[in-house]
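Residue numbers (numbering that gives the first Met the number 0), protein chains in the order written: chain A, 0 to 103; chain B, 0 to 692; chain C, 0 to 487.
Calculated directly from the structure, the hints in this document are not laboratory data.
Where hints are given, some of them may not hold.
Pair ranges (Cβ atoms, derived) [to be verified]: (1) C:T200 - A:F11: 20 to 28 Å; (2) A:R29 - C:F47: 43 to 51 Å; (3) B:S38 - C:Y349: 33 to 41 Å; (4) B:A644 - A:R29: 49 to 57 Å; (5) A:A66 - C:P23: 37 to 45 Å; (6) B:S38 - C:K29: 35 to 43 Å; (7) C:D52 - B:P650: 51 to 59 Å; (8) B:I684 - A:H62: 28 to 36 Å.
Rough simulated footprint, nothing fancy, chain A against chain C, three-plus residues with beta-carbon under 8 Å [stated by the list, open to error]: (9) 129-136; (10) 144-158; (11) 172-183.
A virtual CB, placed ideally from N, CA and C, is assigned to each residue, including glycine.
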Amino acid sequence: MLDLAYYLIFSFALYIVGIYCLATKRNLIRLLLGVEMLVNAANINFITFAAYAAPGFVDSLGHSFAAISIGLAGALSAVALAVVVLLYRRYGTLDSDELKQLRG
Amino acid sequence: MQIIDVAPWLCWILPAIGALAALALNKVNRKAMNITVLSTTLLSCIMTLLMVPSLLNNSSIDHALFWFQIAGAQVNAGLLIDALSIIVANVVSFLSLLIMIYSTKYMAEDPSIARFWFFMSLFLSSMLLLVLADNFILMFIGWKLVSLCSFGLIGYYYRDEKEHWIGGPAPFPFQKPSRNGLKALLMTSFGDTALLAGIIILYLYSHTFNFMELIQTAGTWLPAMAATPGILALTCVLLLLGPLAKSAQFPFHEWLPEAMSGPTPVSALIHAATMVKAGVYLIARMLPIFFFAAWVAAPAYPEALTFFIMAGAIGAFTAFLGGTQAMVAKELKKVLAYSTMSAIGYMVLALGISGLSAGSLVAGTSSSIFFLINHGIFKVVLFLCAGVVIHSAGSIYLDHMNLSTKRMRFTLVSMWIGGLALMGVFPLSGFWSKDNVLIACLESGQYAIFAVAMISVVLTAFYVCRMMGLAFHTGTPDGNIHRDEEFRDRKLAEDHAHGEEGHWIEILPYGLLAALTVVIGLVGPLVSEFLSSAFSTYYANMGLEVAAETHTGFLGLSGLGLEVLVAAVSIVMILIGAVPAYFLYIKPTSNPSNLLPQTGIRRTLYNFLWNRWYINAFYNKVFVEPSIWVSKRVQRYIEDPLNQAINGGIPEGFKWLSRGLSRIQTGKLRINMLYLLVTIVIALIVLWLGGFI
Amino acid sequence: MFTLPFDLLLIFTVASPILGWVSPKQYRAKICGVFAAAALVVVGVALFGLYQDVVANAAVYLPSNALNFATLRVDALSIFMTAIFLGLGFAATIYSIAYVENSGRTPFYFTLILALISGMVGIVFAGDLLALYVFWELMSISSYALVAFFKEEGTPIEAGFKFLIMSAAGSATALFGISLIYGLTGTLNFEGLVAALSGATPNAWIYLAAVFVFVGFGVKTAVFPLHTWLPDAYSAASAPISAILSGIVIGPGVYALAKVFFTAFLPIQTAWTLAFAVLAVVTMLIGNITALRQTDLKRMLAYSSIGQVGYMLIGFAAASQLGLTGTFLQFFNHALMKGCAFLCAGAIIYRLGSRDISGMQGVGRKMPLTAFAFAISVAALVGLPPLCGFPGELTLFSSAVQADLTWLGVALLLNSVISAGFYLRIVYVLVQPVSSPAVEKIKESPLLMLIPILALMVLIILFGVWPDPLVNFAGDAANALISLGGNP
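Based on the provided sequences and hints, a complete structural model is requested.
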């Protein structure tokens, strides 16, 4: 196994990538992927800490949290995609900058 | 839970519900609205009657509920049921019921009667709250609510139609109802502020607002208070100013005559029978504390005597003042207003006497309360009759009323009964109460006050006869309605004047009360005895043992002999007042105005009295006009520039800020996410710079 | 399984779509609505039973108090929050019956509301961060669907999507922070966290975790600068949903922040109290000042919610029992006041058809009861005694003064004044004489809308005149939280 630090750097990097994706991309589907990335960054953290809790022992709490969180992210994606479909039907575009009826 | 636990709460909550119901039912059905309000009033009256057994077994119960706690001060919402509160509550609710019955007919043609019912019912509720409250805070809430209702009712005709103006007749100035309401509110608010200051000072020393606790712990906090010279006297003065303003005593009496611009039931209820008595009630509530301080505490604190001296002096002076002004008043309701002022002066002076010597506590208080009860009853009779009279004659001015004694017999008889009771003629109720006050004066040795009170008896007799004479007995007996040119455009004259008797719904209340006046008169001594013993026990429960009377009476007489003497003297005074009035007004041998030359000392005296001793003018000149002058200058030089700066500048500033801030709401999702990213980054940077990471 | 109230709530949630499926179409809205309302009442009754239990022991645990299980932990704070969730949910459900039309989708509306409330109850019942996160997601996902529910116009869907992305990002960030906490201590249970971290010396990781958790939960709580989704979401959602969102969905955010910061982040308390103080002031100002220029009624109310959140953060800055009492009390009262205001606004917009404030002149004359209830709720929001906003703000002010943060208290007062500026403007417009023909035609709100509005108004007045029981309850709730963390 690699040193704990590498895993953590990886998950932080994934988090930053996710936030960057949310802050700069305009396509709605890409935004969803960005959110997924954030969730996965946290999941990686859980798995990592579960493995590094004590030598030779894997803490099941971290794994179970990761599994649950994947399920929840799936539910989130389902709802989000439904909303995206509605949006596309209504606005005709997948560009988030076009959603500007609400401002101020 | 017995009925006695619930009755006090119900009795002030029910009229509040009635007030709301009046507003709610307004659009639904007028009759339903009337009936609902009357039923809540009736229930409230029944509740107060249910409290009477407590009076008979002489108990003092404090029903307290914990209410709130702020900064360590705990205020309970509680009701104190003892002799004083039961009596006053009963008077209030019973008279309210009758007056409301009267109003259903009297105000029948008024389009916005829902507002009337709302304020009347709310007034009843707050007055009962005031009377039943067990601590200063709750009482003050009732006090201010009563002021609010009074403002709403005096200014009831707030659109200021000409027919509702009072004052005049031309060329004298008129006053408009909206202004009168404001005047009443302002004047009583002066007193209220002083009262609040007094309450706060009292609290700072005693750490309680509760009446019972104040008197029970008086021994502990009085020394600290009296240690600073002048504080006790100051508190006496402050605490007294509030009731004096509310009860229209000098120098706060000017609002009461103008308060007559409200509808007559309002004048009857608020400005004769109940609200103005609230001041008397509060003085009676606060009495024991100062009596304790002045006579019972060892060492006694003579500063507390300020309370009684002030009450006695102002009461006596107002009694005289009111009487003189009533002698020359031109409007019927103004006569009654001045007479109310004068009568309350009697009550206040009786309360003052109760503390001016160690032995007259019970005599002073019980005579004052007896006067309160009787005055409430016969003054309501007079006002309700006045309402019918005004509608019948089509005018508010006495000179224009030539009503038929044949066609308005009920009203005539009731009004005479009320008037004679007011004068204090045997054997009506007023005789006993007035004499009790006078006897209390003599027994405690306050001869100056006695003299002033006696003179007031003369004045009262004079103005009552004058009023009755001008209203009914001048002109031809079958009543030519005298319509004056300048009142031709007064709608009142056109619509109502009919010279006929009032409707039976109107007559019933005051007929009933007139009969009650006679009945109480017949059993006068018994009622007086009962009240004396009730108050004896009331004070004994507080630990204020009444010392033996130190004065041995007047001219060596005491007891029955004294009573007969005083009765004889008062009858003489009545005759001194009544006889000239009889010859001037009732069976006029000459026109009364012939008695009044255009110049000369009589004219000066007349002008002096007519202009209300120039007190009103004085207030106007000294307080109102300079305030207006100063406010205009302040407006031009200080307020307007500041206005530009603050009221223009600050909103502009906020608008600019707001516009700027609105721009962060771009509506673009990316930007929102950017904020999130930026937040994390800045937080990390701050932590890194701070050395935490 | 779980505690009785929570069980019942979940059962009703699951049963709701089945009931909707079998009910005839023309009564569908009424049946589902009444079912949902009845469900909330039943749960409320069961809650009362649980409350007795909690009062007897300090807290109720399920399934056990072990450190490696996901647990439920019910204490006074949970009961306090659940009470207001159920209460306002009930009012909004009754109100919704008048609002939704009969269609195939209606049962899902009420199912989503019940799911939303279940999620919130789960959050406050959670005994560790795992359960908290699961129910947090339940609540969030239900709320995304509810905001976008009325898809006939475009704005709800747009608002729903923006809300979804931002809130999901927030949840994910919070999850990241939770994972860091897990890494620090190896446990997620609140009591375990306290045990593990109470005496620890702060190191960099705990600060990092604090930042992420704060940003994550702060998105839902709408602290500056993470509040930008709120005006869109709240104003575009339909009136009962806005009432629920604004009234109670803020609660779990505040609750989660409080729970985590007062248990896991106790060692670094001095650092974050100052941060919260600054953020409280900024949030208050932003919320209230931006509201001054709004012309859309619901948007203005949404901005004022941000201001109220700022008030609630003062309790965090004070970090004392009195401060937390103020926060929770303010939250409870805010739910009542803002809920009533949003419901009234919804009724006015429903009748009038427009949301522009300047077009609402004279509405008060045509809809007197609604306008009166609105005026009462707005007066309470400003903080006038004797309405229920006053005790909350008074407690917050006292706690700020007590914690030597008097400037916070002054900021609170100033913001009350500023908020009066825009609230009273609405009331002023409402009582003008009627001037436009559109207003001329409207009548009073429908009965099913009027009942919850008036009920809430009565509660506002009642808790204002008699604040004591509520203040004591909030004090118990705050105590439960503080005692969990040991003495700060």
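Verification of the hints:
no., hint, in the structure
1, C:T200 - A:F11: 20 to 28 Å, "holds, 23 Å"
2, A:R29 - C:F47: 43 to 51 Å, "holds, 49 Å"
3, B:S38 - C:Y349: 33 to 41 Å, "holds, 37 Å"
4, B:A644 - A:R29: 49 to 57 Å, "holds, 52 Å"
5, A:A66 - C:P23: 37 to 45 Å, "holds, 42 Å"
6, B:S38 - C:K29: 35 to 43 Å, "holds, 37 Å"
7, C:D52 - B:P650: 51 to 59 Å, "holds, 54 Å"
8, B:I684 - A:H62: 28 to 36 Å, "holds, 34 Å"
9, 129-136, "holds (count 4)"
10, 144-158, "holds (count 8)"
11, 172-183, "holds (count 8)"
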